[in-house]
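A.B. asks: Next come the chains, spelled out residue by residue.
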Amino acid sequence: MSDLLQDPMVLRSIIMDHYEYPRNHELSDDPTYMQRHMASESCIDDIIVQAKVSEKGIEDIRFDGVACTISTASTSIMSELLKGKSKEEAQRIIDQYFAMIDGSKYDEALLEEAVAFHTVGKQANRIKCATIGWNAMKEILAESEETK
Amino acid sequence: MIDIKQVRNDFPMLHGKQMQGCDLIYFDNAATTFKPNAVRDAIDYYYTDMTCNAHRGDYDLSYRVDSAYEGARTKIARFLHAQSKEIVFTSGASESLNLVAWGYRRKFVREGDIVLTSESEHASCVLPWMHVCQENGAILSFMKLDAHGRIDVEALKQMMSEKVKVIALAMITNVLGHEAPIKEICALAHAYGAIVVVDGAQSVPHMPINVTELDCDFLAFSGHKMCGPTGIGVLYGKYALLDAMEPLTFGGGSNARYDMCGNILLKNPPFKFESGTPNIEGVLGLGAAVDYLDAIGMEQIHAYELELHRYIIEALLKMDNIIVYNADAQSAIITFNVKGVFAQDGATYFNAHGIAVRSGLHCAKLLLDFLDTSATIRASLYFYNTKEEADRFLDVCAKANMQSCLDVYF
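Taken in sequence, the protein lines are chains A and B.
Residue 315 in the working numbering sits at position 141 of the first sequence; the count goes up by one each step and never skips.
Residue 71 in the working numbering sits at position 22 of the second sequence; the count goes up by one each step and never skips.
Think of the hints as simulated: they come from the structure by calculation, not from any bench.
Fair warning: this is a prediction, and the values are worked out from it, not measured in the lab.
There may be inaccurate statements among the hints.
Stated by the list, open to error - Some chain A residues well away from chain B (every beta-carbon gap over 12 Å; in silico):
1. Glu194
2. Asn198
3. His199
4. Asp204
5. Tyr207
6. His211
7. Asp220
8. Gly231
9. Arg236
10. Cys242
11. Lys257
12. Gly277
13. Ala283
14. Glu313
15. Ala316
16. Glu317
As the list claims (entries may be wrong) - DSSO-like cross-link-like pairs, simulated, lysine-lysine; straight-line CA separation at most 27 Å:
17. B/Lys388 / A/Lys302
18. B/Lys66 / A/Lys302
19. B/Lys448 / A/Lys296
Said to hold, decoys possible - Sample of chain A residues facing chain B (criterion: CB under 7 Å; computed from the structure):
20. Ile189
21. Thr206
22. Ile218
23. Lys226
24. Val240
25. Thr243
26. Thr293
27. Val294
28. Ala298
29. Arg300
30. Lys302
Note that the Cβ used here is the ideal one computed from N, Cα and C, for glycine as well.
Chain B extracted, bound-state conformation (with noise of 0.2 Å):
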């Protein structure tokens, strides 16, 4: 069990905060998510006590920071069962997914091979294989999705090739929230030679992660997204692929030797994909959310966060003024609208309530046709918010209708 109580002392935006004159209620977590004193402390600690150089200096303090920031690299290899050189840092998980996709593509992808995705991916799950593609002359394929908008691994059987070289989709959807089954697709690529490229940016906060088991071979997600600052994600890949991958920044850090008539000497991976001066701050900081996610446990914050979803989903189930898209999504993603009000307009409704949820296409636009609606809300759950808040948000859903959603204009 949870301690919420005592989770939510930790989160300095859960107190005091006010939107529209009303008690703030954070129900956008699928976005970003609020930060613990830790990870705060974390960065503060950095510049207060140890500023300097990770990598370079021959002196105690550097020795220090190089230990922390190594330190982080492996609490995060633990965290998904991994080993520390197959731990990537990156930017954020868009990074790390154009990551594989430059860094895989001269290699591995070529005229008239498969990329395979499906059509309720995220922008950078998508665009970078689009963009490989329209070079290498190679294919992109979208997977059909089944009645709720879930991958469909009878209909990925029908498409699956030799000729298929790479399958890129989301652990759990953006959109919908409907979890894929990553460790099937992953032994369903593997046996015909094709590799699985896994957005993790909704997964990894939310639940227990063992990439050993799903035996996925690249996994990327952003460290905003589970208490962590922004500016900072992970590329996870098995050794051999990232061994066999080719860089995109060259420079400071990641080569070993080079000299005048052009040979250069790459460091072996993680190191060869982070040249320049890496973000140590953002490395220490999600260092120490995994230790403050570690601390409640994956399984607790899954659990508790499917419990909420399902107490919020029930109630909305029963209100004729609500439509729900992903009713039974087993995420904390609750995709819904207000019969005959646009999702922007009930965004803002929601807004004058002091709940932040977001409208839009939430980057899936592909979906979107498939859904037959041109945009939807999004509320995104987090092991934080609370029962209180549902219901605080279920009875402002109660009230949804044309004329209260204008009525906050005025």
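Chain A with its partners taken away, still in its complex shape (with noise of 0.2 Å):
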């Protein structure tokens, strides 16, 4: 891992960053976005995550939510790793994310930003914040595949 990614001080600002001005947080009225409601049950968080997903791949995720800082932050960094991707390439990167949190080996390089929440595991009850927005666009790429 570069130094500069091991720095607390710049992965806690890249969080902060992305919770102050989350990215892509505005909802689609476009129907041919496809939706996830996310709410979990053990806590406060519930956002619904959009992407319009074509054979080009991903051209756009969007979200919106009452959600903590961590599930805010994660799922916008989300939100702007994988749109332009493939579903491949996006693919990819979601299972290295979740590598990461795993605690598993992963590509870095493949993250970018995402690597901010390589140790949100500390705060074991935190794991579901960090994946809120991931799994939901799981859900979104394997639905895509299904309706091929």
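Now that you have both chains on their own, put them together as the hints suggest.
C.D. replies: As structure tokens, this is what we get:
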């Protein structure tokens, strides 16, 4: 891991930046967007994730809802990272992200700012917050494969 | 005066427990409480020396269990200033509240009748009635709260009519910890022929309760929030009301006679509500918990908790980074947020310092519309918490901000 990304100050400011200024934080009325409502039973997070997925790949990702810092920032970073990627590329990045969360080996170059969550497991009860938006996207991608 | 050091010796969970490398401070007592050795011993004794069913056998061992089981009922009745036959054992406050709603609905709540509750109630107090009203065509109305989030008796008076059959509300609410004037509300309700169902989950563990003086019709509470085991609770009901109510479950133990033509003769209350083998270990454990609390004294417990509460609130009010939502609540519940920090992130920060507090909606979803915040942090005390714990908690509060709440991940 590069030195910059080992610096807690840098990682913290990445999370704060995405929490205070979440990207793609507005839902679309376009009915061609696929959608997942993620409401955790065990915590407060309640978000909607939308994605426009075509043969070309992931054209757009949006999200909104009531959520903590960790889920807002992780979903915001996910939306930036996966937007414009092919479905295969997106799936690879998602797999790497979950490998990182699980404490397995992962390719940090693929994850870019998402590495800010590499130590989220220190607060075990918050792993679900760091994965809620990513799980939504995983489900949307799986559904897009089924309905192809 | 409570000898806190002595008291703490009785609780294994208060010794040598750590969270995130810090000594554990447990401030989530509104969710559940720790158990003294006496409770564990009572349960242990039942399984080690007295195992057999209650109300079943014709032999000495069974007689002993029966006596212990009914003895616990008598203790709880005395604790509440009620009669033994008015004490029904349930799985907890939620089941108790459901038992009243479902057991009472057919005979007493009809189409067009009104059930009154408030915006600050726990889901277990509101949802059974919401369901019953939907089924019966009755109307569930919410009484207004005052600017502090307390029950407003004047507003309640405006809502009263002959149509109001039930008032369901908590004696102490679980989010803001305000005490409702139950005695006054009961007198008002009775003048209109309505009954009052009191959710005592947050009051019975913390203060002296006298149901005869309050004149409430029903009172529900859980054992595990008052040093007892999980899975056991109580419904107190005035005997005539219990007698008129239907049970939710039928089976062994609750019927006196039945025949194949469909005639069932139920036992008298409380036994008609207790079908099946009861939670014997739970009842014996709760009996031991009541003995334990009684020995300390509920007056003393209440006074000590208010003192500790006041100590913490006064310090929190001086901190610019903390918002307190219930500074004037006379209970052991402190509801607050760290300014600019989402409640769940705040609670994780406390976890990182070994302090157990709860974030969330605390099931009182309705109240959050009123409070104008999507979530809060709740610290809730019990008589075994100390001023030293309060000082460490306050120290952690003083350092709380967006940065420190995120630092706990790295």
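A.B. asks: Hint by hint, note whether the structure agrees.
C.D. replies: Structure-based check of each hint:
1. Glu194: Violated: least Cβ distance 9 Å, not greater than 12 Å.
2. Asn198: 19 Å, holds
3. His199: Consistent with the label, A/His199 stays out of reach of chain B, its closest Cβ about 15 Å off (over 12 Å).
4. Asp204: Label holds. Min Cβ-Cβ 27 Å, cutoff 12 Å.
5. Tyr207: A/Tyr207 clear of chain B: closest Cβ-Cβ about 25 Å, beyond 12 Å.
6. His211: 17 Å, holds
7. Asp220: Given a closest Cβ separation of 9 Å, the condition is violated.
8. Gly231: 31 Å, holds
9. Arg236: With a cut-off of 12 Å, A/Arg236 remains clear of chain B, as the shortest Cβ separation is near 20 Å.
10. Cys242: 4 Å, violated
11. Lys257: About 25 Å separates A/Lys257 from the closest Cβ of chain B, which puts it past 12 Å; holds.
12. Gly277: At roughly 14 Å from the nearest Cβ of chain B, A/Gly277 sits farther out than 12 Å, so the non-interface label holds.
13. Ala283: 21 Å, holds
14. Glu313: 23 Å, holds
15. Ala316: 28 Å, holds
16. Glu317: A/Glu317 clear of chain B: closest Cβ-Cβ about 28 Å, beyond 12 Å.
17. B/Lys388 / A/Lys302: 24 Å, holds
18. B/Lys66 / A/Lys302: OK: B/Lys66 and A/Lys302 at ~26 Å, within 27 Å.
19. B/Lys448 / A/Lys296: 20 Å, holds
20. Ile189: 6 Å, holds
21. Thr206: 31 Å, violated
22. Ile218: With a minimum Cβ separation of about 5 Å from chain B (threshold 7 Å), the hint on A/Ile218 holds.
23. Lys226: 28 Å, violated
24. Val240: 5 Å, holds
25. Thr243: A/Thr243 check passes; min Cβ-Cβ to chain B is 5 Å, inside 7 Å.
26. Thr293: 6 Å, holds
27. Val294: Constraint on A/Val294 satisfied, holds at 6 Å.
28. Ala298: 9 Å, violated
29. Arg300: Cβ of A/Arg300 sits 6 Å from chain B, so the hint holds.
30. Lys302: 11 Å, violated
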